[in-house]
Amino acid sequence: MKLLKLVPDNTNLDFMRWRNLALILSIIATVASLALVGVKGLNLGVDFIGGQMIRTTFAQPVDVEQLRSRVGALGVGEASIQEFGGPRSYQIRLPRPEGGEAAANAVASQVRGMLQQQYQGARIDAVETVSGKVSEELATDGALAIALAMLGIAVYIWFRFEWQFGVGALATLFHDVSMIFGFFAITQYQVDLNIVAAFLAIVGYSLNDTVVIYDRIRENLRKYRKMAIVPLLNLSLNETLSRTIVTSLSIMLALGMLLIFGPDVIFGLTLAILLGTFIGTYSSIYISAPILVWLGVKPDSFLRVEDENAPGPQAA
Amino acid sequence: MLDFPRWKIWAVSLTIAIGILFSIPSLIAGSPLAERYPSWLPSAKINLGLDLAGGSHLLLEADIADAAKQRLAAMEDTVATELRRAEPRIEIGDTSTSGGRLSFLVRDPTQLDAAVEKLRELTRPVGLTGARDWDVSVVDSTRIVLTPTESGAAKSLKDAMSVARDVVRRRIDPQGTKEVTVVTQGERRILVQVPGVEDPEALKTLIGQTARLEFKLVDLTADQAQVAAGRAPAGSQVLPMADGSGAMAVKRRVMVSGDQLTDAKQTFDQDGQPVVSISFNSAGSRRFGRVTQENVNKPFAIILDDKILSAPNINEPILGGQAQISGSFTVETANALAISLASGKLPVKLNVIEERTVGPDLGKDSIEKGAIASIIATGAVILFMLVTYGRFGVYATAALVVNALLILGIMAIFNATLTLPGIAGFVLTIGAAVDANVLINERIREEQRRGRKILDALETGYKEASTAIFDANITNVIAAVLMFYFGSGPIRGFAVVLMIGIVTSVFTAVNFTRMLVALWVKRKRPRVLHI
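So the sequences go chain by chain: A and B. Using our numbering, count along the first sequence one by one with no gaps and you end on 1608. Using our numbering, count along the second sequence one by one with no gaps and you end on 535.
Hints are computed from structural coordinates only; laboratory data are not their basis. Note that CB positions come from ideal geometry on N, CA and C, so glycine has one too. Wrong hints could be hidden among the right ones.
Unchecked claim - Residues from chain B that keep clear of chain A, each with C-beta distances beyond 10 Å, as calculated:
no., residue
1, 120
2, 151
3, 326
Claimed, not checked - Partner residues aside, some chain B positions facing chain A, computed with beta carbon under 7 Å:
no., residue
4, 391
5, 394
6, 438
7, 446
8, 475
9, 487
So here's chain A without its partners, still in its complex pose (with noise of 0.2 Å):
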């Protein structure tokens, strides 16, 4: 039988040919999606800004505009209606009542007696109320979580290989990062706590790519002492391209049918982590690995490593 090779053997690509150009281009984008997440914002959810959420599938399909005038009608704030997953599901989002835990309860059963009364067979699937304390929690404990998992990764591969490898995984991480905020600024899809999820995922699994990269220009750099460091990264990145095209198709095609069947409440968190992958594809390549060309690793850069009393520089 003839196995797929997606990379052919002995494949040797100038992966580093086309680092400034990268550079270039990833600050751009970098820098244009944390401008759009600062001009456009992101479209929070509930659980971020507080306020109730209500979905609800309809027996027929609805006139939006009807069911936007009628929740109106109500007076219990501006509602933003979005269809859900299909025609006949809605998600109307409103504003936290004034008034506290009381007024906000009386909204959602006024909303809730208007569906049923209004659409024959209107089922509610879900009621979401979160309060502008907890709202703000969340908020705090999801930005916590992200800039502690990308600190906590980047200190650990401070630790296991040197100072410029954490470096370059901190740069990875905020790049991966920020497209992601990018994407989500672009696309308005609803920032709700399952997103955060999504980030801490891509976090991680944006890095290990980059580890078994930096593994391998590890290995070489301790092999091949007299190479240069450009050449040396060409060659570390193409023995390791196969692993990093499959890996990374497993993981796309996985996610993939999670996106076409699974569940919808869930679309927007496979959606995030999907694009997390592909970004995180490319920003091992064209991140993490030229940064150490800059950030000037050398051969000597391990020799610590490998004889505790060898005269070597200190590198960290």
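Model the placement of chain B on the given structure of chain A, informed by the hints.
Positioned in the frame of chain A, the structure of chain B alone reads:
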């Protein structure tokens, strides 16, 4: 490579067998097979999160200001009773609870020391530091001020939260048969999870009611205009009517309170209106009997959570310890009140600060789609592995399937909860689990290209790939641990699946496939390696 000792084969096989055994109950749950499943086999199953099973998640927070107010009011009662009982009786007046402190005048200055002495006895030590729960001080040598100490307030809140948790549980699940979760979170929160809730509003009404029931005499001397302006004569207070129809002045002194109830049921009165029937304990019955005897033909107020439900006339002494609470109820509200009263009052007011309810249909839909997507995703990855690595793809596939079953088995053993994001975590793990195998297989390919002999290539492949596998997976563990620590509910479900998946995927890729490869090489002694 070939020296895979017998004990190691046994250890790996046994671990996998146990894992798979434990995954069976969760896999066949809900299918006809479940009934034929022998009872002597493990029955632990994976919990379904509320987003899959349907149900309500409520986060309740204690109203600290209300807790302090209630504590102060209780202290006021105790002080009044204790000083009245003192020998000789100590007269006090001009009581005030403003500013969160209880202060009052001792009428006879010579009794001041005796009063302070008496009050000091009432305070209790908190913890080991010798601090007490109240500070007793004297102002202007006539006035005594009781200030709650910080540690005292904290201790009382802690006690109140633990009682509140039990009360909430009794209200939601009077028979103790449902699978509800009621746990305290932090210092002032209670998390409630109830699967399969039809009406979350009713649930919230049930929990939201403090259910502090009091019977007080109506103050007939009060001037209506003054009451309307919110002013009551000394010794009385103005309370609003529950139905919003104005207010009424009642005596501050409590005749009987809900603490003295033994039972409460929803029944109907002679006109067929829903009411709540209550029974007092013996002390409560005696007291209720005596007060009604002394106040025949006067009205008394039935007060729930500082609102007057009704104020019926005492037509005759009520001696049997039985009474009815009326007050424009529906059957549902009367029933809710009965449950609340029977379960005891909440020692502190609880506010719902977060609610998430998922209907049963959406959950079922999600499970179905999630299961289908998981199977298709696994199939797609398997196909990809087979065409890429041939025989070694078969080993990777075996590892993948075992890995999936192990994840389920371990989740069942630890009684972990599968949530909707957890399904995404599962699929992600399936995609990523092959990574370890890919690393190994690619390395073997490489070593073979470099001209190593088969055994040597296999040996080096497994050995050299292992550092990369280790380091690459640690980054995921870091992310998953932080996700678990900071995440709530559904995200934790994602983190749990991810963590278990990382461990099992490394185990299956490194140990299980290695064993399969070793056994194959030993038996067939292949001359060429198609990889």
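Right, here's what the structure says about each hint:
1. At roughly 41 Å from the closest C-beta of chain A, the C-beta of residue 120(B) stays outside 10 Å, upholding its exclusion from the interface.
2. Against chain A, the non-interface label of residue 151(B) holds: every CB pair exceeds 10 Å, the least being about 28 Å.
3. No Cβ of chain A approaches the Cβ of residue 326(B) within 10 Å, the least distance being about 33 Å, so the stated non-interface status holds.
4. Residue-level restraint check for residue 391(B) holds (minimum Cβ-Cβ distance to chain A is 4 Å; threshold 7 Å).
5. Checking residue 394(B) against chain A: minimum C-beta separation of about 5 Å stays under 7 Å; hint holds.
6. At about 5 Å, the closest approach between the beta carbon of residue 438(B) and any beta carbon in chain A falls short of 7 Å, and the interface hint on this residue holds.
7. Of the supplied interface hints, the one on residue 446(B) holds, with its beta-carbon coming within about 4 Å of a beta-carbon of chain A, less than 7 Å.
8. Annotation: interface hint on residue 475(B) holds; nearest CB of chain A at approximately 5 Å, less than 7 Å.
9. Below 7 Å, beta-carbon pairs count as interface contacts, and residue 487(B) has one with chain A at about 4 Å; its hint therefore holds.
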